[in-house]
Amino acid sequence: MTAALRFDPIRLPEKCEQLRKEVRAFLAEEIAAGTFDPHAPNREDNDAPEFSRRVGAKGWLGMTWPKKYGGQERSFLERYVVTEEMRVANAPTRRFFVADRQSGPVLLKYAPEHIKMDILPRICRGEVCFAIGMSEPNSGSDLFAAKTRATKTDGGYLINGTKIWTSSAHIADYMIAIFRTSPPTKENRRHGLTQFLVKMKQPGIQVNPIGQITGQFEFNEVVFTDYFVPEDHVLGEVDGAWKQATSELAYERSGPERFLETYYVLTELVRAVGKNPDTRSAEGIGRLVAQVHTMRRMSVSVAGMLQAGKEPVVEASIVKDIGTVWEQQLPHRVRDLAAFVEETATNRETLEKQLDFAIKTAPKLTIQGGTTEVLRGIIARGLGLR
Amino acid sequence: MAESENIVAETAEKIFADLADAQTINHDKQGAWKAPLWQALTEAGLPLSWVPDDLGGSGASLAEGFSVLNVAGRHAIAVPLAETMLAGWLLTQAKIASPEGEMTVLPASPKDRVTLNADGSLTGRARGVPFAKDAKHFAVLASGNDGVSIALVDAAKCRIESSTGLGGDHNDTVTLDKVQAVTTKPAPKGFDQTTLMLMGGVVRSLQIAGALEAMLDISVRYSNERVAFEKKISKFQAVQHNLARLAGENAAALAAATSAADTIVNAKSLDTDAVFLEAASAKIRCSEAAEKGSGIAHQVHGAIGFTIEHILHRYSLRALAWRDDFGSESYWAVELGKLVADLGADELWPLVASR
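Chains as they are written, first to last, in this note's numbering: chain V, 1 to 386; chain H, 1 to 355.
If you are wondering where the hints come from, they were derived from the structure by calculation, not from laboratory data. The beta carbon of each residue, even a glycine, is placed where N, CA and C say it ideally should be. Careful: at least some of the hints might be erroneous.
Stated by the list, open to error - With a straight-line Cα cutoff of 27 Å, these simulated DSS-like cross-link-like pairs (lysine-lysine) come out:
1. V/186 / H/235
2. V/243 / V/147
3. V/275 / H/111
4. H/111 / H/95
5. V/275 / H/338
6. V/186 / H/231
7. V/243 / V/109
Stated by the list, open to error - According to the in silico footprint, chain V covers these stretches of chain H (three or more CB under 8 Å from chain V):
8. 216-229
9. 337-345
All chains, full assembly: derive it from the sequences and hints.
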């Protein structure tokens, strides 16, 4: 028997519902104050540093981390609620999202104590923005082909080379990046890369924004020229980044952001269709709602298993694979149904603008943070095919 | 899964493994395996899992029964276990004792109706009733002037037009022409045909999820054995990615079905938006997964999977057939879409997030 997949029907605990109310009330206040427009999906354009600080002040950043680093020691299921409510509201999370989800946990695990004490509380206060330096001009999915060098020098390393497609690098205070410290070995082509903490906005780093098909400038080219990184900014084992890459991925892969990225078009379609849908619209909406409900149940299940200390690596990859494929198709399915919306629908223009943006966004969803092809390779390995 | 669910599911698993090996029964054209299997299931109290002791059953919990159905799906069993369980559950709603032997429920489609006449007799026609030909009794949901009733009916008193469904199991049309029931009692408050269809839909969803698990398992095994172009076909990326997608469909079906079952287990009332969302979504998503998943399983197997000698069709065709019972995915999608539209755009996320 192939190892059976598990998706236990985990429910969010009761205390999450109180938290959900608080998050909704907070977001409603922010919307009323004009911080962001919930109907405008291009939240990446909105840097909103003050919003980031107010989210931090609520205790909703680094909420699972130890208190001594500014965290709240709350559960991953509570963090899940905050994340999904922000996402569905189209809140401008860009400034803190990467640090909260990914960079903070890496620092917690691998950074020396004085760096943790310095940076983690600032993440929790919503003061610092992180970027992730993985892809290079000639290495994307093939992460371990990275060439940007970190050459040992007195007290640290000199970095030379280029990272690319680096989201938020133009506003980031820090980047966690992998650089080549040794050549790969014959036995292990993944050997020789090391994870580093990089302070941005310094001489030796040039950030060049890259225009995207959505019209946004959200990712960048980052060029390092003799940029000095001190010794204590090495995160984990020198030459051993490949051992560290996998453990956090389950968190990264299965969160609400992996199927809710274009969700707003579904809400707007339901609004446009009104109380008495024709059969075609009703069926279309019903199928989409069944999908989003199922995706969410899968995602919550993985979050619950992670909270319980299990390692549902294959399940998490499946959530990202089918979640991103679905959120990519969603605007096109909504477009099919929007063709039948009455001319008189008052939100018709909003829906059309949203569809335009969502359809332009869609291609990236199955590429960023691990392509569909890479994910299916991981799933295949889990099935015992590789 | 709680320990007791494990024990009941393991009992079912063992019986199927011992008496319903897929290879063996696929070659047994006479169906000689059916009687011993049914006897073993009956001795273990499984067909009447959802009937309490005082009404003639074994008094297992809802959760235990659902876990048995998932196992039954994994074995794509061609005996009316799920149908008898559902019939027993329906009769129990009206505190009607369950008889021994095979049963099924009708109507099995949301469009069909059975009427309770003023003289207490039943009239109506139900199409696509699974295993009607094999059943000794029917559990019938009927509507009359005084509301909804549940009746136990002797199958011999009904006209049965026999036919087989996609999966090769009996899928019959049952006509009741002023039939006197063995017992008729009013259904509990709030219980109607939608309730029965939702419960039937969750039963089928769990079976589909089980069948998809079996399809994934035998497809992975086959791909690791079959050699083409001088290597195992499991080493081809195109095949790996197809199987990863099959795993995704299996995962979605499993998550949707177990979530819906869990919702019913914990529901104080079945007449809520939450139950409707969960059960309808499960039937929709599992049916979609049956189509995509069985397509991939066949593609991986190539021609051998298209032969009657190979066991794949036992799972693939039943999973496809189960889509039609108790409301198809398109039927439930329309109903769910209407509910969502009626609640309004701003209530959609709160509904989804409430689960």
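Hints and how they fare:
no.: 1; hint: V/186 / H/235; result: holds (22 Å)
no.: 2; hint: V/243 / V/147; result: holds (18 Å)
no.: 3; hint: V/275 / H/111; result: holds (23 Å)
no.: 4; hint: H/111 / H/95; result: holds (26 Å)
no.: 5; hint: V/275 / H/338; result: holds (8 Å)
no.: 6; hint: V/186 / H/231; result: holds (24 Å)
no.: 7; hint: V/243 / V/109; result: holds (13 Å)
no.: 8; hint: 216-229; result: holds (count 6)
no.: 9; hint: 337-345; result: holds (count 7)
Checked against the numbered hints above, the structure violates none of them.
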